[in-house]
Amino acid sequence: MSPKGYLLSEADLHPLSLGAALLGTGGGGNPYIGMLRARELIRSGHEIRIIDLDTLPDDAFVGEVGGIGAPVVGIEKFEEGHECYYAMRAVEEAAGVKMSALISAEIGGSNSLEPIIAAAYAGLPVLDGDGMGRAFPEVQMTTFFIYGAPTAPAAIADEKGNVVVFRQVIDMFWLERFARDAAVAMGATAGLASAPMTMEYVRRTAVPGTVSEALRIGHTVLDARKARRNVIEEVLKVTGGGLYFTGKITDVRRELTGGFARGHAILSGINDFAGSEARIAIQNENLVLWVDGEPKVMVPDLIVNLDLDTGEPITTEVLRYGQRIAVLGLPVHPLMKTEKALDVVGPKAFGYPELTFVPIAASQASIQG
Amino acid sequence: MIRIGIDVGGTNTDAVVMDGARVLAGVKAATTADVMTGVVNALADVLKASGKAAADIDVVMIGTTHFTNAVVQRRDLAKTAAVRLGLPATASLPPMVDWPADLREAIGNLSYLAHGGNEFDGRKISPLDEAELIGIAEDIKAKGVNTIAITSVFSPVSDECEKQAAAIFEKAIPGAHITLSSEIGRIGLLERENAAIMNACLRDLSQQVIEAFRGAITSAGIKGKFFLTQNDGTLMEAAFAEKFPVLTFASGPTNSMRGAAFLSGVKDAIVVDIGGTTSDVGSLHKGFPRQATVAVEVGGVRTNFRMPDVFSIGLGGGSHVVETDMGVKVGPTSVGYRIVTEALIFGGKTLTTSDVVVAAGKYDLGDRSKVAHLPQALITATEARIAAMLEDCVERSRLSPDPLPVIVVGGGSILVDKPIAGLELIKPDHFAVANAVGAAIAQVSGEVDRVYALAEIGRDAALADAKAQAIEAAVNAGASRDSIEIVDVEDVPLAYLPGNATRVRVKAVGELHVA
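In the order they appear, the protein sequences are chains A and B.
Residues in the first sequence are numbered from 10 upward in steps of one, following my numbering.
Residues in the second sequence are numbered from 70 upward in steps of one, following my numbering.
Source of the hints: derived by calculation from the structure; they are not laboratory data.
Given the structure is predicted, the values throughout are model-derived calculations rather than measurements.
By construction, the Cβ of each residue, glycine as well, lies at the ideal position given by its N, Cα and C atoms.
Please note: incorrect hints may appear among the correct ones.
Stated by the list, open to error - Below, a list of computed lysine-lysine pairs in the BS3-like style, where the Cα atoms sit at most 25 Å apart: (1) B/240 to B/148; (2) A/235 to B/398; (3) B/232 to A/169; (4) B/232 to B/117; (5) B/212 to A/169; (6) B/148 to B/193; (7) B/193 to B/240; (8) B/355 to B/240; (9) B/240 to B/212.
Stated by the list, open to error - Just a sample of chain A residues kept apart from chain B, beta carbon distances all over 12 Å, derived: (10) 24; (11) 39; (12) 47; (13) 56; (14) 79; (15) 179; (16) 193; (17) 210; (18) 246; (19) 281; (20) 302; (21) 318.
Claimed, not checked - Here chain A is said to cover these stretches of chain B; the calculated rule only asks that three of the stretch's residues, wherever they fall, bring their Cβ under 8 Å from a Cβ of chain A: (22) 89-100; (23) 546-560.
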């Protein structure tokens, strides 16, 4: 990548959201509305530049923005447009700094597009990276917070012009709680901007290259479909992931605990996996994959369900009996696998105290390509 | 009650006469370019075959793909103004933002954003601004447009804003055709708005088409009431259908599936409707088609209608059979309605699936001597290929491990004579006109889809309220109250929302009330 990075074109938006949906590991929200919003901005002449983490000087400031709220509200009362942008400006004002670039909290799902949209309004570049390398349900689950990014000042903004600034927040869990409550009061859709981080810090803590990776995955799926090549094989090649199961869903069980839809999908093996049975624990995202009772892939590594024929990522809410899927395991970035990170995003943090995280190996090339 | 069911498809217009639950007669007539002639012919033929007089007929039910085709072909669409209430929310994407440009242009590409709308919990986003709406009305009027689609944020939760805005527009543009999104779609603003706009632009056409159907029925001497079937397999009165033509989208596959359930007496099954070119496969649950969970596109526009979850494969009675190096290939190309001249058994030159079935001695159709030369190996390989194609799509349609039976209907049912995927096979009488039967037996429904705060009213009270609303909606749509059953209840807790916010959908269905 050149120091100036590259401009995102309208033709990139579909592959980007497809790749982001895949990295959403079954959750992360639908990027469709965000994709349309980004498309409108590009069509009206806004430039969206993606730059490498090495481009800016150490003392430059970076803003992290993302949407917060309920996905089902987001498809009905979608954004005025400037929510994340206004939140980001409020953080700048409260902190007395100017941002030089924006970065995504999570590349998985709809939040892949929020910094892109805010950056288009601000005339700022977007860093090629994010704070998860996937999707997770809560604000504190980013590498930025895990490694000690400041929790204040942060700000949340709604479509009406309300902006709430959090000047003093003692830790990331409190920020999650305050932001969630404010978002609900705002009508359950809002833009959240976290405290400014220095480029030096972001370079050390961000999962690098993930915008480009989402793009690459999306292009790979679309190209493979067009050329009638095996989509799953091509995705494995480009992600460095492994095929952990191929099967047909024989049961999906859901229950609601603590505001989250949790459950399990049961799969019966086909092809090379005939005779085996798999189980996937789901919250918003896919959490753990067991094959014949053995845990094979678990958070924070990525468990990705793809339609066996089309390679389309399948989100957890549309899982149902009879779907034929390939279950891929993708190695998460090392920053997500440290002791510190596992406390926040490991299996224990998601309610599996009996599981000790065992990382999967990258079976092919590094995901950074 | 004596009723006639008609299914106006792209190729055939099928009609049946039913006396209660008994099918007295079923006929197929060619669909004509003007549609009406085909309906008149089908009515005459079916009355004659049934031995009933026109005066005996109590009701006529029509299923039609006419409005779907109008959108797909971009013809006969009215210039329409799309008005959305929700500012400052939703300003980032204007109405029709993801429509194909030619369709948007075909209806005048006229859209407005105004204040109004509700939050998920019923709070106001911003108050309605009467002066703003009067200004919009004047602009619409000045552009010579009198068809308007109004969509308000969270109108499935509260339709007050849409109704107030409609009153303002009616006053400003007397006689305007107004469609409210809350009367059509469910949560999902862009998709519901799309549906409302499509409905609005079909209003002029629906008036003409329904008037013409009315004419065909009257000219046949029938004095009974007349209804159209909607995409969920239930009925709407002609006058209602005139206002909501969009609700007829996808009624075709629904009618075949409902007809299959009725003719076989089986309410939970996989249905395979085999036509000349394609087979539509879907699953029946309590006698109704399972609905799609994802957005469905019509004419390139995403909508969130209640559409059956049906998928098609290129296998029908007219599918080409070709020997290749890779084995026998069946479909997706087809001779379609030209089967009567092009298939070998009818003296044509194209080898079709029907030819193979006749050669195998499985069915008597056309001139069997014309396929006597087909080698047994080819027949065996083709039958195996057809079986594999059907097995694959039946497997995909199964929603549970329960061994459901498979009901086969449609003119192409002759292709099947053995169990598919090891499941019991049912080929009911009158299978070729199952879609017309589905239209004839259609019931009346009412549906509610809204978000309740269970922390406030509790789950039982919320469900009871939703059921009561669904029953009222069914009565308003013409169902007789004592026959109403709740056929579907779904409550989905919404992640990240307080007060146990839960989206509840309830559907009530009843028999048509004929006074």
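How the hints compare with the structure:
For a cut-off of 25 Å, the pair hint linking residue 240 of chain B to residue 148 of chain B stands: about 20 Å separates their Cα positions. With a CA separation close to 21 Å, the supplied pair residue 235 of chain A and residue 398 of chain B stays within the 25 Å bound. A threshold of 25 Å between alpha carbons decides the hint, and for residue 232 of chain B with residue 169 of chain A the separation of about 23 Å falls inside it, so the pair holds. Taking the CA atoms of residue 232 of chain B and residue 117 of chain B, the gap is near 48 Å; set against the 25 Å cutoff, the hint is violated.
Distance restraint check for residue 212 of chain B and residue 169 of chain A: the Cα-Cα separation of roughly 31 Å exceeds the 25 Å cut-off, and the hinted pair is therefore not satisfied. Taking the CA atoms of residue 148 of chain B and residue 193 of chain B, the gap is near 31 Å; set against the 25 Å cutoff, the hint is violated. Restraint check: the Cα-Cα separation between residue 193 of chain B and residue 240 of chain B comes to about 24 Å, which is no more than 25 Å; the hinted pair holds. Restraint check for residue 355 of chain B and residue 240 of chain B: the C-alpha separation of about 45 Å exceeds 25 Å, so the hint is violated.
Note on residue 240 of chain B and residue 212 of chain B: the hinted pairing holds, with a Cα-Cα distance of about 17 Å set against a maximum of 25 Å. At the 12 Å boundary, the C-beta of residue 24 of chain A stays outside the reach of chain B, the nearest C-beta of that chain being 17 Å off. Taking the minimum C-beta to C-beta distance to chain B, about 10 Å, the non-interface status of residue 39 of chain A is violated against the 12 Å cut. The claim that residue 47 of chain A lies off the interface is violated: its Cβ sits roughly 10 Å from the closest Cβ of chain B, which falls inside the 12 Å cut-off.
Listed as a non-interface residue, residue 56 of chain A keeps its Cβ farther than 12 Å from every Cβ of chain B; the least gap is roughly 18 Å. Its beta-carbon lying about 4 Å from the closest one in chain B, residue 79 of chain A breaks the requirement of being farther than 12 Å from that chain. Residue-level check passed: residue 179 of chain A sits 23 Å from the nearest beta carbon of chain B, beyond 12 Å. Here residue 193 of chain A does not stay apart from chain B, with its beta-carbon only about 6 Å from theirs, under the 12 Å limit.
No Cβ of chain B comes within 12 Å of the Cβ of residue 210 of chain A; the nearest lies about 29 Å off, and the non-interface call holds. Non-interface call for residue 246 of chain A relative to chain B: holds, since the shortest CB-CB distance, roughly 26 Å, exceeds 12 Å. With a cut of 12 Å on Cβ distances, residue 281 of chain A stays outside the contact zone with chain B, its closest approach being about 19 Å. Against chain B, the non-interface label of residue 302 of chain A holds: every CB pair exceeds 12 Å, the least being about 20 Å.
With a minimum CB-CB distance of about 10 Å to chain B, residue 318 of chain A fails to clear the 12 Å threshold, and the non-interface call is violated. Coverage of a stretch by a chain is defined here by at least three residues with a beta carbon nearer than 8 Å to that chain's beta carbons; for the stretch 89-100 of chain B and chain A the count is 0, and the condition is violated. For a cut-off of 8 Å, the count of residues in the stretch 546-560 of chain B with a CB near a CB of chain A stands at 0, and the three-residue condition is violated.
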